[in-house]
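*Asks:* Residue strings, one per chain:
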Amino acid sequence: MDLLICIDDTDDIYSRGTGEIAELLANGLSARELASCGRVTRHQLLVHPDIAYTSHNSAMCFPAQTEKKLLGAVTTWCQEALVAESADASDPGLCVVPVDLLERPDELIAFGRDAKQRVLTKGEAFRAAAQLGVHLSEHGGTGIGVIGALAGAGLRLSGDDGRFKGKLRIQGDASGVARVDEILSQGVDSVRTPDGEVLAGKEDIVVSEECKLVLLGGRAVLLVAPAPAGSAAAWGVIERRALRGY
Amino acid sequence: MANLVREQGGVLFVGTVDADADVAIATRLAVDCGAYRPDDEDEDPLAGARTCFGCRFRRWVSDGFTCVRGLLPAALPAAG
Chain A
3 MDLLICIDDT
13 DDIYSRGTGE
23 IAELLANGLS
33 ARELASCGRV
43 TRHQLLVHPD
53 IAYTSHNSAM
63 CFPAQTEKKL
73 LGAVTTWCQE
83 ALVAESADAS
93 DPGLCVVPVD
103 LLERPDELIA
113 FGRDAKQRVL
123 TKGEAFRAAA
133 QLGVHLSEHG
143 GTGIGVIGAL
153 AGAGLRLSGD
163 DGRFKGKLRI
173 QGDASGVARV
183 DEILSQGVDS
193 VRTPDGEVLA
203 GKEDIVVSEE
213 CKLVLLGGRA
223 VLLVAPAPAG
233 SAAAWGVIER
243 RALRGY
Chain B
48 MANLVREQGG
58 VLFVGTVDAD
68 ADVAIATRLA
78 VDCGAYRPDD
88 EDEDPLAGAR
98 TCFGCRFRRW
108 VSDGFTCVRG
118 LLPAALPAAG
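Here the protein sequences come in this chain order: A and B. Just so you know, the first sequence maps onto residues 3 to 248 in the numbering used here. Just so you know, the second sequence maps onto residues 48 to 127 in the numbering used here.
What the hints contain is simulated information worked out from the structure, not anything from laboratory work. Glycine included, every Cβ here is placed at the ideal spot set by N, Cα and C. Any given hint could be a false lead.
[What the hints assert, rightly or not] For the chain B half of the interface with chain A, some residues (derived, Cβ under 10 Å), not all of them:
| no. | residue |
| --- | --- |
| 1 | D65 |
| 2 | D87 |
| 3 | E88 |
| 4 | W107 |
[Unchecked claim] The following residues of chain B were derived to be distant from chain A, with all beta-carbon distances above 10 Å:
| no. | residue |
| --- | --- |
| 5 | M48 |
| 6 | A68 |
| 7 | A77 |
| 8 | F104 |
If we strip away everything but chain A, and leave its shape as in the complex, we get (with noise of 0.2 Å):
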């Protein structure tokens, strides 16, 4: 079966984040064949004053494919991981979603979009959870978390919302120059322009070290834009900051 593991609120200023506690879920689930784990998500919360969040209030998501009956043991395994992994002054919360399961998807991603734009209560987070069939714990502090992390499986399953968490290095010619058909062979589903534009893979494209994928419709997108006058190719990867709305 199919599903989303998402946690929020795990670190402080001085610990290691949440997404580096994500992929230490996504690691250990693999490495005791609990689960088949793939890559990890950020997704944006809003910031608004009555929110307490670290620093930038983002939840970080996977996706994991187990057998039904593992179910329990992976959820589980992620609670006492997220309990011994989090920082002591945060506040986790943990959610699992089994997507095979979910008779009402479009109210799990409405809740993520609400949690971008709105302030929203533990008590929507837990009722809402309950109504979805939706795992959703507390693991320490205010477990203020538990809205966040219901709130990213909601917008890592619109298939429409946040960033791959790492850089993917692809490899280029001397000129830094790759072909589309190249890079659609090194862990990107898509290249295309942050309007729409799908680029065909004769395209060429100035790459870079430190290349960011963004999740548009349910892939790993690599957004180009028209390169600089006097570039080795037409198009380039868009500045890093131009992800930020993503």
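Dock chain B against the given chain A, drawing on the hints supplied.
*Replies:* Same frame as chain A, now just chain B:
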């Protein structure tokens, strides 16, 4: 253009990573700051550049950021 606003909770840097002038000022602040510490790569909007925007101790607010170490100065430096 970047600005510093004194609020009840401390000093707020009003500015955006999308404006080169604001980035230049945040760069100057970070270069002069002994407490600067790069945030996780995933939280750094400028890919490794030394600016307050990418510092572990900045806390985003809707118009900019605050410094959780309370190290924003009383006045902005000149960009440089």
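*Asks:* Given W107/B as an interface hint, is the shortest Cβ-Cβ distance to chain A below 10 Å?
*Replies:* 5 Å, holds
*Asks:* Could you let me know if the closest chain A CB is still more than 10 Å away from the CB of A68/B?
*Replies:* Its Cβ never comes within 10 Å of chain A, the nearest being 14 Å, so this holds.
*Asks:* Return the status of the interface hint for D65/B: holds when the least beta-carbon distance to chain A is below 10 Å, violated otherwise.
*Replies:* With a minimum Cβ separation of about 6 Å from chain A (threshold 10 Å), the hint on D65/B holds.
*Asks:* Is the claim that F104/B lies outside the interface with chain A correct, judged by CB distances over 10 Å?
*Replies:* Label violated. Min Cβ-Cβ 6 Å, cutoff 10 Å.
*Asks:* E88/B was flagged as interface toward chain A. Is the shortest Cβ-Cβ separation under 10 Å?
*Replies:* 6 Å, holds
*Asks:* Does the nearest C-beta of chain A fall within a distance shorter than 10 Å of the C-beta of D87/B?
*Replies:* 4 Å, holds
*Asks:* Please confirm whether A77/B is truly not at the interface, meaning its C-beta sits more than 10 Å away from all C-beta atoms of chain A.
*Replies:* 15 Å, holds
*Asks:* Please verify that the nearest CB of chain A lies beyond 10 Å from M48/B's CB.
*Replies:* 17 Å, holds
Hint 8 from the earlier list is the only one contradicted by this structure; the remaining hints agree with it.
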